[in-house]
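Let's have the full structure, built from the sequences with the hints guiding it.
2 protein chains.
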Amino acid sequence: MNAHNNRTRRPFVIEEAVAILSRTPSTLDALLRGLPDGWIAAHEGGDTWSPFDVIGHLIHGEHTDWIPRAKIILEHGEAKPFEKFDRLAQFAESRGRTLASLLDEFAARRDANVRELASLDLTEADLDRLGRHPELGVVTLRQLLATWVAHDLDHVMQISRVLARQYTDEVGPWRAYLRIISGTQG
Amino acid sequence: MNAHNNRTRRPFVIEEAVAILSRTPSTLDALLRGLPDGWIAAHEGGDTWSPFDVIGHLIHGEHTDWIPRAKIILEHGEAKPFEKFDRLAQFAESRGRTLASLLDEFAARRDANVRELASLDLTEADLDRLGRHPELGVVTLRQLLATWVAHDLDHVMQISRVLARQYTDEVGPWRAYLRIISGTQG
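First to last, the protein sequences are chains A and B. Quick note: the first sequence uses the working numbering, first residue 266, plus one each step. Quick note: the second sequence uses the working numbering, first residue 266, plus one each step.
Worth flagging that the hints you see were computed from the coordinates, not collected in a lab. Accuracy of the hints is not assured; some may be wrong.
Label-pair restraints from in silico Cβ distances [as the list claims (entries may be wrong)]:
id	chain 1	residue 1	chain 2	residue 2	range
1	B	Glu-340	A	Thr-329	55 to 63 Å
2	B	Gly-342	A	Asn-271	48 to 56 Å
3	B	Lys-349	A	Asp-351	48 to 56 Å
4	A	Arg-380	B	Glu-343	55 to 63 Å
5	B	Val-278	A	Arg-360	39 to 47 Å
6	B	Glu-340	A	Arg-274	43 to 51 Å
Just so it is clear, CB atoms sit at the ideal spot from N, CA and C, and this is done for glycine as well.
Here it is, written out as C-alpha cells:
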C-alpha cells in the first residue's frame with residue numbers, strides 16, 4: 266500500500282489536528298449534557314473514572330498540560346523537563362461542581378487554547394523542536410500536539426465504554442456481539 | 266457493594282435509554298461533520314470500517330433492526346424470528362453520498378424511531394416479552410432496546426479509535442500511555 270492510498274495512518278497536519286481538537290467539547294457536550302445523574306457518575310469499578318471525572322481531567326490538561334508544555338519546548342527545548350501531569354487533580358478540582366459547569370469550562374478553555382495554538386504560527390521546523398518529558402525522555406512538539414488529539418479521542422472512547430458497560434447485564438445474549446462490553450477488539 | 270451504590274451497572278429504564286439514543290446523532294455530528302475527507306475515510310486496515318461506513322451502518326439499523334424487531338416481538342413473540350441484519354448493507358447504500366447527507370438521514374431516522382418507541386407506550390410487562398433472534402435464540406424486548414443503546418456507544422467508541430490510530434506513529438513515545446493506540450484496556 267503506498268502512502269497515497271494508506272487509510273490507516275495520517276501525517277500530522279496542524280490544521281487537521283485543530284479540526285479535531287475544536288470538535289471535542291461539542292462532542293462531549295452532545296453526549297453528556299442533561300443525561301441522568303446516575304450515568305454521569307457511572308464508572309467501571311474500583312478507582313476507574315466516571316464521565317464527570319473525565320471532563321475534569323480534560324480541563325486540568327487544558328490548564329497544565331498541552332499549551333504549557335508546547336511553550337516549554339519553544340522557550341527551553343530539552344533543557345527544561347515538563348512538569349509532571351497530575352492525573353488525579355480533577356478529584357479535588359471538580360468537587361461540588363455540576364457537569365454543566367465543567368462542560369462550559371472545558372469548551373471555553375479549549376477554545377482559548379486552540380486560539381493560542383494558532384497564534385504561535387508554528388512552522389514545520391518548530392514542530393521538530395525537542396522537549397523533555399519527565400518519564401518518556403526526548404519528544405518533539407509534533408508528538409506533543411498529536412498526543413493532544415489522540416488523548417481527546419481516548420477519553421471519548423473511555424466515556425462511551427463506561428456508559429455502554431452499565432448495560433452489561435441488560436443486553437443479555439447480545440453481549441457476545443458487543444465488543445464494547447465483551448472487551449474484544451474489532 | 267449494594268445496589269444503591271453500584272456505579273457499574275444500571276437497570277434498563279426506557280426514559281434513560283431514550284436519553285442516550287436521542288444524543289447519538291448530535292454526538293456523531295459534532296465529532297465528524299466538516300472533518301477533512303481523509304479522516305472520514307480512515308480505517309484500521311483490511312476490511313475494517315471508516316467513520317463514513319459506520320454512519321451508513323447506523324442508518325441501516327434504523328431502517329431494518331431496532332424498531333422493526335421490536336414490532337416483531339410485540340406482534341409475533343417467539344413465533345417469528347427476526348430478519349437477519351445485513352452488516353454490509355451500507356457499502357452499497359452509502360455509495361456516492363456525502364457524509365453530511367448521511368448524518369442528516371441518521372438524525373431524521375433516529376428522531377422518527379425514538380418518537381415511534383414513545384408511541385408504543387411500553388409497560389414493564391411488554392419489556393419482558395420474548396422474541397427470537399436467528400442466531401442468539403430467545404431474547405426479550407428489554408434486551409433488544411438495551412442493545413440498541415450499547416450498540417450506539419460501541420460505534421462511537423469505534424469511530425474514536427479509528428481516528429486516534431491515524432496518529433499511531435505521530436504520537437511517538439506517548440504511544441505507551443494512550444490505551445486507544447496501544448490497545449490495552451484501562
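Right, here's what the structure says about each hint:
The hint said 55 to 63 Å for the Cβ distance between Glu-340 (chain B) and Thr-329 (chain A), and at roughly 57 Å that hint holds. Taken as a hint, the range 48 to 56 Å holds for the pair Gly-342 (chain B) and Asn-271 (chain A), whose Cβ atoms sit roughly 50 Å apart. A C-beta distance of roughly 50 Å is found between Lys-349 (chain B) and Asp-351 (chain A), which places it inside the suggested range of 48 to 56 Å. The hinted range of 55 to 63 Å is satisfied by Arg-380 (chain A) and Glu-343 (chain B), whose Cβ atoms lie roughly 59 Å apart.
Take Val-278 (chain B) and Arg-360 (chain A): their Cβ atoms lie about 28 Å apart, and the range 39 to 47 Å is violated. Judged by the Cβ atoms, the range 43 to 51 Å given for Glu-340 (chain B) and Arg-274 (chain A) holds: they are separated by roughly 49 Å.
The earlier numbered hint that this structure contradicts is number 5, and it is the only one.
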